[in-house]
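Visitor: Here are the chains, one letter per residue:
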Amino acid sequence: MLKLVGITKSYASNGRTVQAISPIDLEVPEGQFVSLVGPSGCGKSTLLNIVAGLDRADSGTVMLDGKPVTGPGVDRVVVFQEAALFPWLTAQKNVEFGLKMAGLPREERSVRARQFLKMVHLSRFADSYPHELSGGMRQRAAIARALAMDPRVLLMDEPFAALDAQTRALLHEELTAIWAETRKTVIFVTHNVREAVHLSDRILVLSARPASIKQEFRVPAGRPRDLTEPGLAYIEKQIMESLRVEIDRVAQAELDSDWVHETTKLLPPPDRNLGSDI
Amino acid sequence: MKRLSFYLLLIVIWEAIYRLSLWPPYLFPGPLQVGSSLVQGLADGTLLVAVAASFRRLAIGYGLALAMGLSLGLLLARNRTADELLGPLVSGMQAIPSIAWLPLTVLWLGLSEASIITIVFLGAVWSIVVNTQAGIRNVPPLWVRAAMTMGASGARLFTAVVLPAALPQMLSGWRLAWAFSWRALMAGELLSPGKGLGEVLIVSRNVNDMPAVLAVIVIIGVFGSLVDNLLFKRAEEQTRRKWGLAPA
Chain A
27 MLKLVGITKS YASNGRTVQA ISPIDLEVPE GQFVSLVGPS GCGKSTLLNI
77 VAGLDRADSG TVMLDGKPVT GPGVDRVVVF QEAALFPWLT AQKNVEFGLK
127 MAGLPREERS VRARQFLKMV HLSRFADSYP HELSGGMRQR AAIARALAMD
177 PRVLLMDEPF AALDAQTRAL LHEELTAIWA ETRKTVIFVT HNVREAVHLS
227 DRILVLSARP ASIKQEFRVP AGRPRDLTEP GLAYIEKQIM ESLRVEIDRV
277 AQAELDSDWV HETTKLLPPP DRNLGSDI
Chain B
135 MKRLSFYLLL IVIWEAIYRL SLWPPYLFPG PLQVGSSLVQ GLADGTLLVA
185 VAASFRRLAI GYGLALAMGL SLGLLLARNR TADELLGPLV SGMQAIPSIA
235 WLPLTVLWLG LSEASIITIV FLGAVWSIVV NTQAGIRNVP PLWVRAAMTM
285 GASGARLFTA VVLPAALPQM LSGWRLAWAF SWRALMAGEL LSPGKGLGEV
335 LIVSRNVNDM PAVLAVIVII GVFGSLVDNL LFKRAEEQTR RKWGLAPA
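Chain order of the listed sequences is A and B. Counting with this note's numbering, you get residues 27 to 304 for the letters of the first sequence. Counting with this note's numbering, you get residues 135 to 382 for the letters of the second sequence.
By construction, these hints were calculated from the structure, which means they are not laboratory data. Predicted model, so just to flag it, every value in this text is computed and none were measured. Errors might be hidden in some of the hints.
Unchecked claim - Below, a list of computed lysine-lysine pairs in the DSSO-like style, where the Cα atoms sit at most 30 Å apart:
#1 A/K126 with A/K210
#2 A/K29 with A/K210
#3 A/K29 with A/K119
#4 A/K263 with A/K210
#5 B/K136 with A/K126
#6 A/K144 with A/K210
#7 A/K126 with A/K263
#8 A/K119 with B/K367
#9 A/K119 with B/K329
#10 B/K376 with A/K144
#11 A/K263 with A/K93
#12 A/K240 with A/K210
Said to hold, decoys possible - Residues of chain B clear of chain A, computed beta-carbon distances all greater than 12 Å:
#13 A150
#14 S170
#15 V185
#16 L198
#17 D217
#18 A234
#19 A248
#20 M282
#21 M284
#22 L297
#23 L301
#24 G358
#25 F366
#26 K376
#27 W377
#28 L379
In this text, a Cβ means the ideal position worked out from N, Cα and C, and glycines have one as well.
Construct the entire structure; sequences and hints are all you get.
Guide: Listed below in structure tokens is the structure:
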């Protein structure tokens, strides 16, 4: 079980202190797929980095299985937005990297890496270098690399944001299948509500800066999911509405003061002129 | 083929100008004389001895520069205070052609091997420092963070991620350092006694053997570009290709 207690974070910007995260408490039971959605720049990635141990919280603790997190560790592996594969290593060697750091013997490393490359369907490209792979393939390799470490928690920081829509849809299905097989605890950061509904058991909407958990949604549906199903579409719409308020707050802070979100404005199609030219 | 015939043409033109006898042969020798001087120098071993002597100095000076440059570059990349204090000094030193130090090294070390090796060292070391530092500085933090979450830290993080990530830029620095030290070596040898290529060059000039002077220049050009192309350029390009920095 992953537990966050009273996490806060602020940073200095142009001499002023900006509160990035106001106290966040969260409990994630074993094997749950949790998504964090929020307006851009709200601090959801910062929160993920704190769980990963790459950033330090100002106050509060992250507990994994009752033990406090003090730094990066192999029990919490991150998949980043860009694949972050090492360009001087083949896909195979990239997957082996963490195993090598853990001191596994060569034979075992190689077998294990191949097994996970197979899981993400990259067996044929085991000996390719990252620059020879497409964006989607790189992200697959990064997922294999993270899973090969057999972490307690898989942290994903907008892993599909840089991919085209078709590749992303494919990887959604793939990730669902992998998750069903491995039953990892996953924390998934995204700004794509649809993606969150597709993948998660539980979705947390974060407020605009300073981030706090604004609202929580459960997605009590089996997998694989069809997002056109009314139940899921309804959840998606609710989350969108909850999120919209936060996005507007960000926009209001950033854009001109006269900006308002107009939802009722009717945009007439350009080929219908209702006879005004008679 | 096109290239070969072009260079043959150049040599023919050279020979033709020589035949016109515009200048006396001791000022403007023809390609045949230079060629025979070259063959003779290689056959009796004087040129090869000179190449060996030059490369020995180069190897020692460059080797020392590599060791020192890597350590210093590492220090500057890792330690902010060291960078603030020494950084400007290093970039200032880089701007000084190392042959300018020769009067000093001659006073301190005499007209000796040590003096020339010092010049070679000074020619190479600064660009190795600068590029080592920059290479390590420019390692994408993303790779370091990814490696940290996979359990890499300390010395292993450095050897397994930071060094390979910095390698392409470090190689560029080594290649640049080679070019500088090769030039520094020739300049140093021209000004001091010994057996190196530069010294053979100046001796040939002193005995008015112009074909030998040109033969030595040919050797300098050939060996300089051979090492650059076969060793440094190739290593740099292969690394860049493998790293995905250059189109495959």
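Visitor: Would you list, in rising numerical order, the hints stated earlier that this structure does not obey?
Guide: 3, 5, 7, 9, 11, 20, 21, 22, 23, 26, 27 and 28
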